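Peer 1: One letter stands for each residue in the lines below.
There are 2 protein chains.
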Amino acid sequence: MKQSQLFTKTRKEAPADETARNAELLIKGGFIHKEMAGVYSFLPLGLRVIEKLETIIRSEMNAIGGTEMRTSAIQVKDVWEKSNRWDDEVVDVWFKTSLKNGGEVGLSFTNEEAYSNIMKQYIHSYKDLPAYPYDFKTIFRNETRAKSGIMRGREFYWKALYSFSKDDAQHQEFYEKSKQAYKNIFQKAGIGHVTYLTFASGGSFSPFSHEFQTITGAGEDTIYIDESKGIAVNQEVYTDEVLATLGLSKDTLVEHRAVEVGNIFSLGTKFSAPFDLKYTNESGESVLVTMGSYGIGLGRLMGTIVEVLSDDKGIIWPESVAPFRVHLLALGESENVAKEAQATYDMLKDAGIEVLFDDRGGVSAGEKFADADLLGMPYRIVVSERSLKDNGAEVKKRTEERGTNVPFTDLIAHLNPNA
Amino acid sequence: MKQSQLFTKTRKEAPADETARNAELLIKGGFIHKEMAGVYSFLPLGLRVIEKLETIIRSEMNAIGGTEMRTSAIQVKDVWEKSNRWDDEVVDVWFKTSLKNGGEVGLSFTNEEAYSNIMKQYIHSYKDLPAYPYDFKTIFRNETRAKSGIMRGREFYWKALYSFSKDDAQHQEFYEKSKQAYKNIFQKAGIGHVTYLTFASGGSFSPFSHEFQTITGAGEDTIYIDESKGIAVNQEVYTDEVLATLGLSKDTLVEHRAVEVGNIFSLGTKFSAPFDLKYTNESGESVLVTMGSYGIGLGRLMGTIVEVLSDDKGIIWPESVAPFRVHLLALGESENVAKEAQATYDMLKDAGIEVLFDDRGGVSAGEKFADADLLGMPYRIVVSERSLKDNGAEVKKRTEERGTNVPFTDLIAHLNPNA
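Each protein sequence line maps, in turn, to chains A and B.
To convert, count from 1 in the first sequence and add 23; that's our numbering.
To convert, count from 1 in the second sequence and add 23; that's our numbering.
Note that identical chains are pooled: a pair holds if it fits in a single copy or bridges any two copies.
Result set (DSS-like, lysine-lysine): computed pairs, CA atoms no more than 25 Å apart in a straight line:
1) 123 / 100
2) 119 / 57
3) 301 / 57
4) 35 / 51
5) 170 / 119
6) 170 / 123
7) 362 / 419
8) 100 / 119
9) 362 / 150
10) 150 / 391
11) 100 / 57
12) 119 / 160
13) 51 / 391
14) 301 / 51
What the hints contain is simulated information worked out from the structure, not anything from laboratory work.
No experiment lies behind these values; they were computed from the predicted model shown.
Could you build all of it, start to finish, from the sequences and the hints given here?
Peer 2: This is the structure:
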């Protein structure tokens with residue numbers, strides 16, 4: 024994409040009320056637009072990141088047997104009364120609204136009830152199990168403390184999968200697979216090295232749930248990491264008894280601030296019971312379905328990546344989620360530079376490389392460099408009078424201090440050494 | 024995908040309150056789930072149709088210079104007060120809801136204000152124009168007559184593009200391009216032959232808007248078609264004066280019921296004025312931006328396809344939007360059939376052909392045939408003891424009465440004759 028055609032521009036300042044570093048950088052870069060606290064629109068560059076995260080997550084969910092669908096945002100009172108979660112006294116994050124012709128509806132703050140209600144139509148026999156439907160969907164939560172940029176939203180985009188299994192054994196088999204899928208997701212998203220499977224509070228049906236916590240000062244949670252075992256314990260269950268159960272010792276645990284980027288939860292029959300979601304087993308008996316939930320907020324994940332992978336100049340996107348792999352800069356106003364930069368743009372595109380081309384006239388080299396650092400594409404490629412003397416371009420990774428001159432004839436091989 | 028792994032099943036009956044044919048067929052087929060009147064969840068098969076429509080529309084929008092982004096559902100009072108569309112007395116389809124910590128917000132029923140507000144940050148000079156941002160997004164409308172299945176929803180998924188141009192000439196150039204893009208979309212979606220560019224009421228800034236109306240008895244509009252010119256006039260502007268302006272005569276116009284599947288609208292400065300959305304032109308003067316809007320509802324489009332392309336047995340999906348191109352049926356319980364059907368499934372998948380494989384045991388041939396007709400994939404391929412006698416499968420298009428036996432060795436070439 025040519026930057027002259029991208030309508031967004033970088034800004035020197037974020038809104039004064041924006042204190043979260045992730046939102047500050049994302050607003051300055053023109054990735055997002057703040058509508059109000061906890062509500063953001065995704066501008067073209069930001070949407071590209073969300074879509075790459077979505078592709079990574081979808082691929083891992085499909086690999087463990089997930090089937091994608093899309094539930095409605097509007098939720099019906101009758102359905103939520105079954106599980107006793109309609110009442111605002113019970114759930115304090117509902118957004119409710121009224122129908123013109125009478126009656127109240129809610130906006131999805133989570134999906135257990137919607138899924139249990141739908142699946143009740145389709146699950147009758149053991150032959151119908153297991154089932155792993157999932158959703159990418161906009162979720163609404165009436166948060167009073169929407170203050171962490173895109174990490175705690177009143178409106179956010181998430182993935183939620185629900186597992187429907189015959190019994191605990193079938194459930195556990197999938198639950199273990201989902202742990203690996205989640206690890207793969209955070210690895211692919213570039214934050215695997217600072218993300219830990221974390222034991223957190225469970226419920227009536229399991230002693231623990233599992234969170235994926237990423238170390239960052241911007242996090243709202245405190246966790247205790249055992250580096251050698253690669254696992255952590257959330258403060259909420261950090262007791263002598265729990266540590267003994269998990270075979271962990273306070274001596275080897277290190278305290279960190281962290282943000283929860285995903286969670287998986289064994290629900291047992293908590294939701295199948297109120298919905299009377301039963302199946303007939305091989306012996307002809309009627310049995311409640313065993314459920315689990317598996318969530319990831321894509322905005323929060325994007326914000327976490329920015330918190331973890333940025334420096335004082337801007338964002339440092341991992342290749343897997345960068346809006347573009349290459350930021351191509353044409354420096355100076357000479358016709359020759361413009362011509363060669365355009366040829367380089369065409370060559371990169373023809374090689375299937377995603378490239379943002381800063382073809383803007385009347386913008387200084389300093390401004391273009393500063394924009395490239397702020398926007399944070401993995402590779403910066405500069406075509407200038409100087410680079411043309413060597414019949415090439417200067418290639419610099421966002422993580423490198425200095426670039427290297429690469430002849431045009433070697434450029435694609437330099438970027439795709441294994442192709 | 025194997026049908027044994029698809030958790031949805033066909034149903035004999037749609038909900039008693041569902042009178043619209045599109046929703047009736049889509050619910051029976053397990054494409055959608057009715058949450059309440061005007062609110063539907065998309066089950067796996069239905070989501071696949073929506074995604075194919077989205078891909079068709081995205082490709083046409085990008086081809087005319089569109090840039091995708093995603094605005095929030097939650098809308099802020101201040102922004103809508105500028106254009107005087109916050110008040111429920113002015114706009115009667117708002118869903119409003121309250122923040123926990125005070126204040127009211129609305130849910131997007133359209134996008135002019137959100138876009139004008141965002142673009143005001145980025146449009147300053149003639150160099151910033153034109154710009155063509157667009158959105159795929161869930162839209163909320165507090166309809167009292169949500170009764171046409173997925174064709175008039177309280178919640179629906181749409182595409183809206185807004186054009187920002189320097190002047191009317193630049194606007195008209197894009198407006199004409201958008202007409203062609205819309206024609207391409209409906210052609211690709213399989214309803215081009217019954218869809219007409221229709222003159223409808225304009226506004227202060229243009230004598231007409233343009234709708235794309237598809238002939239169907241399920242439509243809520245009445246249009247008058249001039250078949251030879253390939254255009255139509257909406258009843259709302261069907262006057263002698265308008266016909267004279269358009270060079271049309273009542274003698275050649277034929278009345279039809281139709282549904283509006285898309286519309287394009289010249290907005291002039293209706294929204295740029297209240298937002299003071301101006302740019303500095305080449306002469307240094309400050310000028311209001313000229314806008315246009317371009318919408319398509321994807322659920323309505325899907326519903327229209329079903330209304331137009333179905334028979335008494337079920338849906339007849341066009342290849343371009345079918346959830347799967349091929350429905351492969353294994354008939355009978357013999358091991359040999361199961362083995363050969365599985366081999367056929369693998370062969371089709373390896374050739375990149377999307378296939379739904381009815382591998383279910385204990386289901387009669389009659390039921391499998393009825394399901395295939397209801398679900399409406401373009402090709403039905405049957406592997407049975409009989410077809411195996413000729414070492415092949417029976418291939419039948421959904422639109423054909425009878426199938427043809429095709430040897431396994433010719434199957435891919437039969438489906439992809441030009442490959």
